[in-house]
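Below, each chain spelled out in residue letters.
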Amino acid sequence: MGQDTLGAQGVVLMRHVPALGIAREDWVLAGLLLATVVVVSLLTPAFLQPENLLEMSRFFVETGLIALAMAPVIITGGIDLSVGSIVGLSVVVMGLAWRLGHLPPALGVLTGLFTGLLCGLGNGLCVARLRLPPLIVTLATMALYRGLALGLGANAPVSDFPPAYYELGQAYYTIPGGLQVPQQLPILLLVLCFAWLALHRSVLGRYVYAIGHNERAAWFAGVPVARVKMALYAFCGLVSGLAGAIYLSRVATAKADAGTLMELDVITVCVLGGVSITGGRGGVAGTMLGLLIVSSLVRGLTLARVPSEDQKIVLGFVLLLAATVYQLLQWRGGRSGPSGSRSSGDERRIPTAEGE
Amino acid sequence: MPPTGTPEGTASAAKITVLMVPKLKGIDYFNACERGAREAAEALGNVELIFDGPVEDKADAQNQLIDGYIAQQVHVIAVSPNDPDSIAPVLKKARDRGIHVITWDADANPERSGREFFINQASAEAVGQALVDEMAAQKGPEARVAIVTSSLTAANQNAWIKAMKAHMAAKYPRMTLVCEPKPSEENQQLAFQVAQDLLKTYRDLDGVFAISSVAFPGAADAVQQAKLSGKVAVVGLATPKPMKQWVDAGTVKTVILWNPVDLGYATIQAARALVDGQLAPGTRTLAAGRLGNLTVVGDQVLLGPPMKFTAENIAQYDF
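Protein chains in written order, with our numbering: chain E, 346 to 701; chain L, 58 to 376.
Okay, chain E solo, but in the shape it has when bound (with noise of 0.2 Å):
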């Protein structure tokens, strides 16, 4: 593959994920979202009330944050499976920092901040220059990162935090109409602008898309393959300090298992959300769209008090309902051809070669 068949690829990509970054996979989301809810409304009304759709959010922040750094990674083809572990070890590094330095909040944060950093650099080293495969290096640090969580919190957690340190999570901003606004949730939105610009705005997003389509053409083609690469692991782990940030603000603990299993929930949110896991697809909205509809059918269930395992089964199910839709809506594209609809075969074809 030369430049040329490169340059035409970012234009197709370009025309594929259009004016808003939303591709045609989003309006299939929309309305499984839209689907949920009217289910779960309809199992108990309680659920469409602003307060408990603003107190949900509270609790899916934290896994929206990851995963919006996480998409990234899986559209080059990657993926990061110490996420997890990582928010352990910030908050065990923030709770140690607390004990030992006694630091204010904001300097408190920093350092969880700084660790994830360190934890994401560290991943992007062994990814990007060391040419590991990024499973096998994410599988190692998510043992390595939770093991140095588990051996530096020993000590017992930490929860004599002062009040200042449970603002980020607890505390609320009041809106016009008396409603309570979690603060996390608009440091999620601010994540949300950032990554869709730095996506589906910028060079680096484009560089994002062809090193998951193609990674040696991008590489051909002068794409910076190994700096990109090392910015999204870095970012992934800065993300996940932060959300380790938040965790700890929202229990009031700094306790080593912090984070446990949560790379699960990120990915699960991601591939539902339409992020192909063998790289090139997927975006911003339709990650969140797929945060939205897991917390909804979570939080919704158990509203209408199903019990947490049957929630499990409805939660399989959707997810195979949607990596169902996803591969006809690709079938389709494929055969349609170019005048068929707005993305072209010739895009389609490109990320199916290697899958077929």
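A couple of the hints might just be wrong.
If you want the ones that stay clear, here's a sample from chain L, every Cβ over 10 Å from chain E, calculated [said to hold, decoys possible]:
1. 120
2. 337
3. 341
Taking CB as the label site, the calculated pair distances span [said to hold, decoys possible]:
4. 368(L) with 508(E): 54 to 60 Å
5. 307(L) with 495(E): 37 to 43 Å
6. 606(E) with 215(L): 27 to 33 Å
7. 307(L) with 507(E): 53 to 59 Å
8. 215(L) with 518(E): 42 to 48 Å
9. 668(E) with 213(L): 42 to 48 Å
10. 199(L) with 489(E): 38 to 44 Å
Simulated crosslink set (DSBU-like; lysine-lysine; CA at most 35 Å straight-line) [as the list claims (entries may be wrong)]:
11. 150(L) with 657(E)
12. 222(L) with 257(L)
13. 657(E) with 222(L)
No lab work stands behind these hints: they were computed from the structure. Don't be surprised by glycine CBs; every beta carbon is placed ideally from N, CA and C.
Could you slot chain L onto chain E? The hints should help.
This is chain L only, laid out in the frame that chain E set:
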């Protein structure tokens, strides 16, 4: 239909909804708790019980679950917290919304969570006394004994050891601890070795207290393999089902634990009484249906003396 032992008027009171949250759903111990809770809800007739908890070992799962139920106005939240501190904010929030909060099986940080009562399945004193009395019954008041504990920093075990020593000093002054308590961590193999070493070092040892669910089988195994069953008594705390093989073999005569079915039953009784105002600060006794009157000390409801599982009854229990 007013159940026996419950004051008049309770049954006619409006139906309440109680959310009961175990540490983990689907394991034998908590299934037994749920059975007792359902029994109490049925006996009372005016309690709707929701028994739901985490299905995976995830730090945050209880918080999220409880927060969801706060929004739908349950009357009482009864939780066995995985962590006493990280559960506190969500319990505090429930209290602020006027929902009653009690803990059972394990306690939450009382100040920070604002929980009203802890249904305590066994006070340290009761456990300590039951262990020592059982040893005295098997080996006499002058027995020479040793303790195998979990880790030297385990809060529960240390409280029990303290109570055991106090009870020995008061009631069996001639019972001797041959050495300080030996740690076995959470490692059955280590417990086995520690017990083996004790048997070798102290040839005249009469009994071993093994006071964790890991130490107990380890110590029993060591005594059995040394062919000292019957000569050296093993007394300890564990759930009965895993101990059944040593009870059947005669190495262990008695397994001491509380009855989780009763714990669940008492929790629902307490929840109902709390809403009705019959359980309030200053209350001394709680009428708890078939369990009779339970003692209330401060903000703790005591389930009563621990239960003994022996060769006669151990087969009946599935936890």
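Hints versus structure:
| no. | hint | in the structure |
| --- | --- | --- |
| 1 | 120 | violated (6 Å) |
| 2 | 337 | holds (28 Å) |
| 3 | 341 | holds (32 Å) |
| 4 | 368(L) with 508(E): 54 to 60 Å | holds (55 Å) |
| 5 | 307(L) with 495(E): 37 to 43 Å | holds (41 Å) |
| 6 | 606(E) with 215(L): 27 to 33 Å | holds (32 Å) |
| 7 | 307(L) with 507(E): 53 to 59 Å | holds (58 Å) |
| 8 | 215(L) with 518(E): 42 to 48 Å | holds (45 Å) |
| 9 | 668(E) with 213(L): 42 to 48 Å | holds (46 Å) |
| 10 | 199(L) with 489(E): 38 to 44 Å | violated (55 Å) |
| 11 | 150(L) with 657(E) | holds (26 Å) |
| 12 | 222(L) with 257(L) | holds (24 Å) |
| 13 | 657(E) with 222(L) | violated (48 Å) |
Of the numbered hints given earlier, the model fails hints 1, 10 and 13; all others are met.
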